[in-house]
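Residue numbers (the working numbering), protein chains in the order written: chain L, 637 to 932; chain G, 146 to 306.
These are computed hints drawn from the structure, not numbers from a lab. Some hints here could point you the wrong way.
Unchecked claim - With a Cα cut of at most 16 Å, we get these calculated EDC-like pairs of lysine to aspartate or glutamate:
#1 G:Lys184 with L:Asp698
#2 G:Lys184 with G:Glu255
#3 G:Lys189 with L:Asp903
#4 L:Lys848 with L:Glu717
#5 L:Lys675 with L:Asp903
#6 L:Lys802 with G:Glu289
What the hints assert, rightly or not - Here chain G is said to cover these stretches of chain L; the calculated rule only asks that three of the stretch's residues, wherever they fall, bring their Cβ under 8 Å from a Cβ of chain G:
#7 857 to 866
#8 891 to 899
#9 907 to 917
Treat the numbers as computed from the prediction; the structure is a model and nothing was measured. Glycine included, C-beta positions come from ideal geometry on N, C-alpha and C.
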Amino acid sequence: MLGRAAPGVCTQVVAVVNHQQNRNMATLKAISIRLKSVKNIQKITQSMKMVSAAKYTRAERDLKAARPYGEGAVQFYERAEVAVPEDEPKQLYVAMTSDRGLCGAVHTGVSKVIRNRLGEPGAENIKVICVGDKSRGILQRLYGKHIIGVCNEIGRLPPTFLDAAKITGAILNSGYEFGSGKIVYNKFKSVVSYEQSDLPLFSQKAVESAPKLATYDSLDADVIQSYMEFSLCSMLFYALKEGACSEQSSRMTAMDNASKNAGEMIDKLTLTFNRTRQAVITRELIEIISGAAALD
Amino acid sequence: MALAFRGALRSVARRLQARSYADAPKGDEMALTFAAGNKVFYNKQVVKQIDVPSFSGAFGILPKHVPTLAVLRPGVVTVTENDGKTTKIFVSSGTVTVNDDSSVQVLAEEAHPLENIDRGAAQETLSKAQSELNSAANDKAKAEAAIAVEVAEEIVKAASA
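Chain G on its own, in the form it takes in the complex (with noise of 0.2 Å):
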C-alpha cells in the first residue's frame, strides 16, 4: 500500500514538475512583452523571432540573443510565433529591450496592426506632411515635420508592401 502511495506520489511530482517546466520560460525561450501606448499585442508571450526597425538598423531577435537596447525607427515589426505564424504589426517609436534571461520587451508609442493601415489615408498624410515640411518656419516645426514626413513615408512603404 505504500508502494502504491509512494508511486502515486511520483507521478503527482512529475506531473506537477511537467506543468511548472511549461510555465516558466527557460533560457533558450524568448518571452515578448509587445505593448503600446492603446494595446498591448503580447504580454509575456513565447516566440520565435521578432523583426524590428531600429535607428542602428534593422535586426531580427532570435532567443539567447545578445542583451541590448534599441530605439525603434517607423517601421515594422514582424513576430514570428511559435507555430510559424507571423504578424505585422507598424510601430511609429519606441523602445526595443533585450535582457539576459531572454526576456525582450517592445515598448511603442503607437502600434497598428499592417491590415488596418488605409493606403490611400497613408498617401494623403504623406503629402500633407510634405506640404508642411515645405512651409515650415522655425526649426523645430521644421524637425516636427521632418518627423511627420519620415512616417508617413514609412506607413506607404509598409501599406504597399
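Chain L on its own, in the form it takes in the complex (with noise of 0.2 Å):
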C-alpha cells in the first residue's frame, strides 16, 4: 500500500520541485552535466588534433618524394599531346576521398565537382569509382547509377604503392570501356589550404592516335599498354598522397576550431552555472527570510 502510495507522492513532490526549479533557465544539474560533456568533447578534439598534426607531418614528408613521381607520370602526355578523341563519349571519374571524417570539406569538396559534372547535360556516359566511403554515401543517393566501384579501408593507413595498384587493378577489370576520364583529388597547398585538382585519364586508342607519338622510337601496343598501366598506377599513388595530406591537415584545423568553439561553451555555460547557483542561493535566502518575517 505504501509502495503505490509512495510513487504518487513522490511524483508530486517531484512536481512541485521541478515547477519551482524551472522557474530558471535549467536546472543546476542539467547544467552541470551539459558542462561535463562539453569538457569531455574538448578533451577528444584536442587529442584529435594532436594525432592529425602527427599523421600530417608524415604525411607532408611522403608528399614531397611523391610529387616528382606524379609529375614525370603526366609528363609523357603533355609532350606527347594526348588529347581526347572526339568519337568516345564515355568517361570514367575517380573520386578520391577516404573512409573517415571530421575533416573539414575534404570529401564534400571532392565529390561536389563530380555532382556538378553529373548533373550537367550529356552525364549519361560518365561512370564514377569511389576511392572511399565517404565520396559514396554523399553521391549515391543522386547518382547511384554512376557508381561502379567502392574502395574502402582508405585512410586508416597511410597508402602505399600497393593500395594504388589495387584501385588500378579495379579499374581495369571494371570492364567499362572508357575513352577518356578524370581522377579528382585534393591538391595540397599549404597548412590551412588545398584545392580541387584533376589528373587526366586517357584510353589506348587515344595515346595511339596522339600527335606526337611518331616522335617516340620502338613503340609496339603492348609496350603502351604496360606503360599506361604503370602510368595510371603513379598517378593513384600521387592523388592518393595528396589527398592524404589534405585531409590530415583539413582535420587538424577542424578539430583545433572544434576545441576553441568547445572552450568557449565551456565558458559561457560556466558563468551561467554560476549565475544559477548564486539565484538559487538567494531564493532560498529570500525564502528563510521571508518566513521569518511573517512570524513577527
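Combine the two chains into a complex, taking the hints into account.
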C-alpha cells in the first residue's frame, strides 16, 4: 500500500520541485551535466588534433617524395599532346576521398566537383569509381546508378603503392571501356589550404592517335599498354598521397576549431552555472528571511 | 654618365643572361627525374648518361636520345653524373620516358641504392621465392611466384656484381 502511494507522493513532490526550479533557465544539475560533457568533447577534439598533426607531418614528408613521381607520370601525356578523342563519349571519374570524417570539407569538395559534372547534360556516359566510403555516401543518393566501384579501408594507414595497384586493378577490370577520364583529388597547397584538382586519364586508343607519338621510337601496343597501366598506378598513388596530406591538415584545422568552440561553450556555461547557483542561493535566503519576517 | 650607366646595364644584362643560361636545360642537356614510390633520387637534375634495363633490352640514354617509352625490368639503373660519378640503383619495375626536349623520367615502383642490398638476405629471398614457385597452386599464384623469382634473381646478380 505504501509502495503504491509513495510513487504518487513522489511524483507530486518532484512536480512541485521541478515547477520551482524550472523558473530558472535550466536546473543546476542539467547545466553541470552539459558542462561535463562539453569538457569531455574538448579533450577528445584536442587529442584528435594532436594525432592529426603527427600524421600530417608524416604525410607531408611522403608527399615531398611523391611530388616528382606525380609530375613525371603526366609528363609523357603532356609532351606527346595526347588529346581526348571526339568519338569516345564514355568517361570515367575517380573520386579520391577516404573512409573517415571529421575532416572539414575535403570529401564534400571532391564530391561536389563530380556532382556538378553529373548534373550537367550529357552525363549518361560518365561512370564513377569512389575511392573511400565518404564519396560513395555523398553520391549514392542522386547518382547511385553512375557508381561502378567503391574502395574502402582508405585513410586508416598511409597510402602505399600497393593500394594504388589494387585500385588500378579494379579500374582496369571494371569492364567499363572509357575513352577518357579524370582523377578528382584534393591538391595540397599549404597547412590551411587545399584545392580540388584533377589528373587526366586516357585510353589506349587516345594515346595511339596522339599527334606526337611518332616521335617516340620503338613502341608497340604491348609497351604502350604496360606503360599506361604503370602510369595510371603512379597517378593514383600521387593522388592518394596528396589527398591524405590535405585530409590530415584539414582535420587538424577542424579539430582545432572544434576545441576552440568547445572552450567558448565551457566559458559561457560556467558563467550560467555560477549565475544559476547564486540565484538558487538567493531564493532560499529570500524564502527563509520572508518566512522569518512573517512570524513577526 | 649615361655611357657608364649603359655599360653597367649591359654587364648586368649579360650576367642575368648568364644566369638564365645555366638554369634552363638546353637541347643538349639531359634533365633526369628518377623517382620511386618511397624516395626521389634525382629531380630534374642534369646528368650525362643513364643505363636502364628494360623488357626490350638494356639501353643507355645520352642527351638528344630519340624520344621513347620503355618498361623497366628488375635490374640496375646506372646514372653517370656530369662530374663522372656513377650511381647504381636497383629497381624492381617501372617505366622510363625520354621526351623530345631531352628530359628523362624514370619512375620506379621501388628503388634502392645498390650499397643498401645485402647479398645474404637476397640469397634467402631467392630460395624462398623458388620454393614458392614449385608449390604454387593456380596460374595466378604461379605468375606471381615467377615474378618474385625473377626479381630475387636480379637482386642476387646485382648484389654479387
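Enumerated hints in conflict with the structure, sorted upward = Hint check: 3, 8, 9 fail, others pass.
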